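The sequence shown begins at 0 in numbering that gives the first Met the number 0 and counts up by one.
Calculated from the structure, these hints are not laboratory results.
Quantities reported herein were computed from a predicted structural model and do not represent experimental measurements.
We put the beta carbon where it would ideally sit given N, CA and C, even for glycine.
Mixed in with the good hints there might be a few duds.
Stated by the list, open to error - Straight-line alpha carbon distances no greater than 25 Å define the calculated SDA-like cross-link-like pairs of lysine to any residue that follow:
1. 177 to 243
2. 273 to 80
3. 187 to 173
4. 152 to 173
5. 273 to 165
6. 177 to 136
7. 273 to 295
8. 177 to 230
9. 177 to 237
10. 152 to 73
11. 152 to 105
12. 177 to 80
13. 152 to 131
14. 273 to 291
15. 142 to 173
16. 142 to 154
17. 187 to 154
18. 187 to 219
19. 273 to 154
20. 152 to 130
21. 152 to 191
22. 273 to 243
23. 187 to 210
24. 177 to 158
25. 177 to 165
26. 273 to 288
27. 152 to 175
28. 152 to 166
29. 187 to 218
30. 177 to 166
31. 177 to 154
32. 177 to 100
33. 273 to 100
34. 273 to 263
35. 273 to 108
36. 273 to 152
What the hints assert, rightly or not - Pairwise CB distance ranges (calculated):
37. 146 to 72: 26 to 34 Å
38. 242 to 77: 20 to 28 Å
39. 139 to 243: 23 to 31 Å
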Amino acid sequence: MKKLKYLKVASFIFCLLGLFFLSSDLGAQIIPQGNKAPNPMDSALNSPNPFEQAEFMNLHSQLRIAGFLTVLTLLPFVLVMMTSFTRLTIVLHFLRQALATQQVPSNQIIVGLSFILTGFVMHPVITDINENALTPYFNNTFKESPEVRMGLKSEDSMLMERAWQPLRLFMLHHTREKDMQLFLDLGKVELPVVAWEDVTDAPEERGTGSAYDLSAIPWYCLTPAFVLSELRTAFMMGFLLFLPFLVIDMIIASILMSMGMMMLPPVMISMPFKLLLFILIDGWRLIIQQLVNGFYPMG
């Protein structure tokens, strides 16, 4: 009887162990659990690519890239409207028309020469922007500035402010007061008045009175005023270029009329004399010298 009792107890324990193993390992193999879809954030954070981990869902970096691409699309506008490119191109086109050489030099040569001279004239401005705006921005130096640390300004706003400052000074120096006042009146912009002591730091230049704060001029008034001043200056230089060649045309035309050669176009005869005069006086050197000297000194 005792042996039968022990056998029943042993069989009962064996059944319990069998049910336990079947419910854990064997049951898991027979009835596998469904696979869960991975979380996008977990998959990005567990990605072997460190750049994907750092830039995942970084909206600020994406907006920076979009802003950088937008600035690149505005570079032609900045080149034409805010530099010396406008004056240089117009004067060189007037020179070609005064020489009556048709398409010589070609438009590509005139635009290329204007672009090179623009880089030469704007080199101090470009250097200032690179040293005080671009280099600190790419080196993350703006993070240590008090304005950024206190949350008053962002790094992008610091970049735009420092890049605009030398370009604004260049445009202000070459803008007529009448043109600036015209767009200030059209835009109904009133400049604040500051004391003369706050305008200059030189003791010998200080005096009594007040002056307008030119730093408060908005860009939408400064840019068209600068372009208008450049157009006026370029047309004045073009008129002065036309005068000597116009005298040659009148002399050749009067000579042909006196000789009775009215059917012969005066341009055909005057153009070689124009080219000869232009070569003898070294015209290209003089024109480029006067164009570049028209932008110096900047201050």
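Okay, the hints, checked on the actual structure:
1. 177 to 243: 30 Å, violated
2. 273 to 80: Roughly 33 Å between the alpha carbons, so the hint for residue 273 and residue 80 is violated.
3. 187 to 173: Satisfied, since the Cα-Cα distance of roughly 22 Å is no more than 25 Å.
4. 152 to 173: 30 Å, violated
5. 273 to 165: Cα-Cα ~41 Å, so violated.
6. 177 to 136: Answer violated: residue 177 to residue 136 is near 37 Å, above 25 Å.
7. 273 to 295: Between residue 273 and residue 295 the Cα gap is close to 30 Å, so the pair fails against 25 Å, i.e. violated.
8. 177 to 230: 14 Å, holds
9. 177 to 237: 21 Å, holds
10. 152 to 73: It holds: about 23 Å lies between the C-alpha atoms, which stays within 25 Å.
11. 152 to 105: 48 Å, violated
12. 177 to 80: 19 Å, holds
13. 152 to 131: Holds: residue 152 and residue 131 sit about 16 Å apart, inside 25 Å.
14. 273 to 291: 24 Å, holds
15. 142 to 173: This hinted pair is violated, its Cα atoms lying about 34 Å apart.
16. 142 to 154: 7 Å, holds
17. 187 to 154: 31 Å, violated
18. 187 to 219: 12 Å, holds
19. 273 to 154: Given that 25 Å is the threshold and the Cα spacing comes to 56 Å, the pair is violated.
20. 152 to 130: 20 Å, holds
21. 152 to 191: 23 Å, holds
22. 273 to 243: 9 Å, holds
23. 187 to 210: 19 Å, holds
24. 177 to 158: Violated. Residue 177 to residue 158 sits at ~31 Å, over the 25 Å cutoff.
25. 177 to 165: 22 Å, holds
26. 273 to 288: It holds: about 20 Å lies between the C-alpha atoms, which stays within 25 Å.
27. 152 to 175: The hint is violated at about 33 Å.
28. 152 to 166: 21 Å, holds
29. 187 to 218: 14 Å, holds
30. 177 to 166: With Cα atoms ~20 Å apart, residue 177 and residue 166 stay inside 25 Å; holds.
31. 177 to 154: 36 Å, violated
32. 177 to 100: It is violated: about 36 Å lies between the C-alpha atoms, which goes past 25 Å.
33. 273 to 100: Status holds; Cα separation ~10 Å.
34. 273 to 263: 17 Å, holds
35. 273 to 108: Status holds; Cα separation ~20 Å.
36. 273 to 152: 59 Å, violated
37. 146 to 72: 26 to 34 Å: 28 Å, holds
38. 242 to 77: 20 to 28 Å: The hint (20 to 28 Å, Cβ to Cβ) is violated, given that residue 242 and residue 77 are roughly 34 Å apart.
39. 139 to 243: 23 to 31 Å: Check failed, 57 Å falls outside 23 to 31 Å.
In the structure shown, a violation is registered for the earlier hints numbered 1, 2, 4, 5, 6, 7, 11, 15, 17, 19, 24, 27, 31, 32, 36, 38 and 39, in ascending order.
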